[in-house]
Amino acid sequence: FPTDSDTRKTWDNFLLLNALCPNDVTKNSLICSTHFQQHDLKVYRKTTVLSETAVPSILISRVKSAKKLFPEQSTQITSSMHISNVNNRGSVKDSSTVSMDGVSFLDLNSEVVQDISTENQK
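55 is the number that full-length UniProt numbering gives to position 55 of the sequence shown; each next residue is one higher, with no gaps.
One should not assume that every hint holds.
What the hints assert, rightly or not - Listed next, the in silico PhoX-like pairs over lysine-lysine satisfying Cα-Cα at most 25 Å (straight line):
1. Lys27 <-> Lys46
2. Lys9 <-> Lys42
3. Lys42 <-> Lys27
4. Lys27 <-> Lys9
As the list claims (entries may be wrong) - Simulated restraints on C-beta separations:
5. Leu20 <-> Val49: 32 to 40 Å
6. Lys46 <-> Asn23: 30 to 38 Å
7. Phe1 <-> Val43: 29 to 37 Å
8. Ser5 <-> Lys46: 30 to 38 Å
9. Leu41 <-> Asp4: 12 to 20 Å
10. Leu20 <-> Lys46: 28 to 36 Å
11. Ile60 <-> Cys21: 13 to 21 Å
12. Ala19 <-> Lys46: 17 to 25 Å
13. Thr26 <-> Thr53: 22 to 30 Å
14. Val49 <-> Thr26: 28 to 36 Å
15. Thr34 <-> Arg8: 19 to 27 Å
16. Pro22 <-> Ile60: 13 to 21 Å
Note that these hints are calculated values from the structure, not bench results.
Beta carbons are placed, not taken as given, at the ideal position from N, Cα and C, and that holds for glycine.
Generate coordinates for the entire structure from the input sequences, incorporating the hints supplied.
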């Protein structure tokens, strides 16, 4: 994670968009390269490193096991996003709006191919 305060704020906003708490970040915390644009990644002696100005800018909002049912599609975000903190009963506990220019996310609003929840109840 960056030490520059302005860049760190941008990274923290990205964490909030992913429903993560910036206060939980440790010196060993990582963000997967999938969350960065290709131009942010540099190859140096067979190792991929981030450029100094890199900020995570791709949101991936799907359950890992849903990859086969819902192919990834990224969409550019042009304004702020509204985030709701939902408890385990489905009620909204609190909400906030986070702005990040140039962040994209994956669209999960595609057609459901198979409803696993009803399949398991048979």
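Against the structure, the hints come out as follows:
A hinted pair counts as satisfied when its Cα atoms are at most 25 Å apart, and Lys27 with Lys46 qualifies at roughly 24 Å. The hinted pair formed by Lys9 and Lys42 meets the criterion: a straight-line CA distance of about 23 Å does not exceed 25 Å. The suggested pairing of Lys42 with Lys27 holds, with an alpha-carbon distance near 22 Å, which does not exceed 25 Å. Pair hint Lys27 plus Lys9 holds up; C-alpha atoms about 16 Å apart against a cutoff of 25 Å.
A C-beta distance of roughly 23 Å is found between Leu20 and Val49, which places it outside the suggested range of 32 to 40 Å. Taking 30 to 38 Å as the suggested C-beta distance range, the pair Lys46 and Asn23 conforms, at roughly 35 Å. Roughly 21 Å separates the CB atoms of Phe1 and Val43, a value that falls outside the hinted 29 to 37 Å. As the Cβ distance of Ser5 to Lys46 is approximately 32 Å, the hint placing it in 30 to 38 Å holds.
As the Cβ distance of Leu41 to Asp4 is approximately 19 Å, the hint placing it in 12 to 20 Å holds. For Leu20 and Lys46, the Cβ-Cβ distance of about 30 Å falls inside the hinted range of 28 to 36 Å, so the restraint holds. Distance hint check: the CB atoms of Ile60 and Cys21 are about 18 Å apart, consistent with the given range 13 to 21 Å. Judged by the Cβ atoms, the range 17 to 25 Å given for Ala19 and Lys46 is violated: they are separated by roughly 34 Å.
For the hinted restraint 22 to 30 Å between Thr26 and Thr53, the CB-CB distance of approximately 23 Å keeps it satisfied. As the Cβ distance of Val49 to Thr26 is approximately 20 Å, the hint placing it in 28 to 36 Å is violated. Range check, Thr34 to Arg8: Cβ separation about 20 Å, and the 19 to 27 Å hint holds. Pro22 and Ile60 have their C-beta atoms about 18 Å apart, which keeps the hinted 13 to 21 Å range intact.
Consistency with the previously given hints fails for numbers 5, 7, 12 and 14, ordered from lowest to highest.
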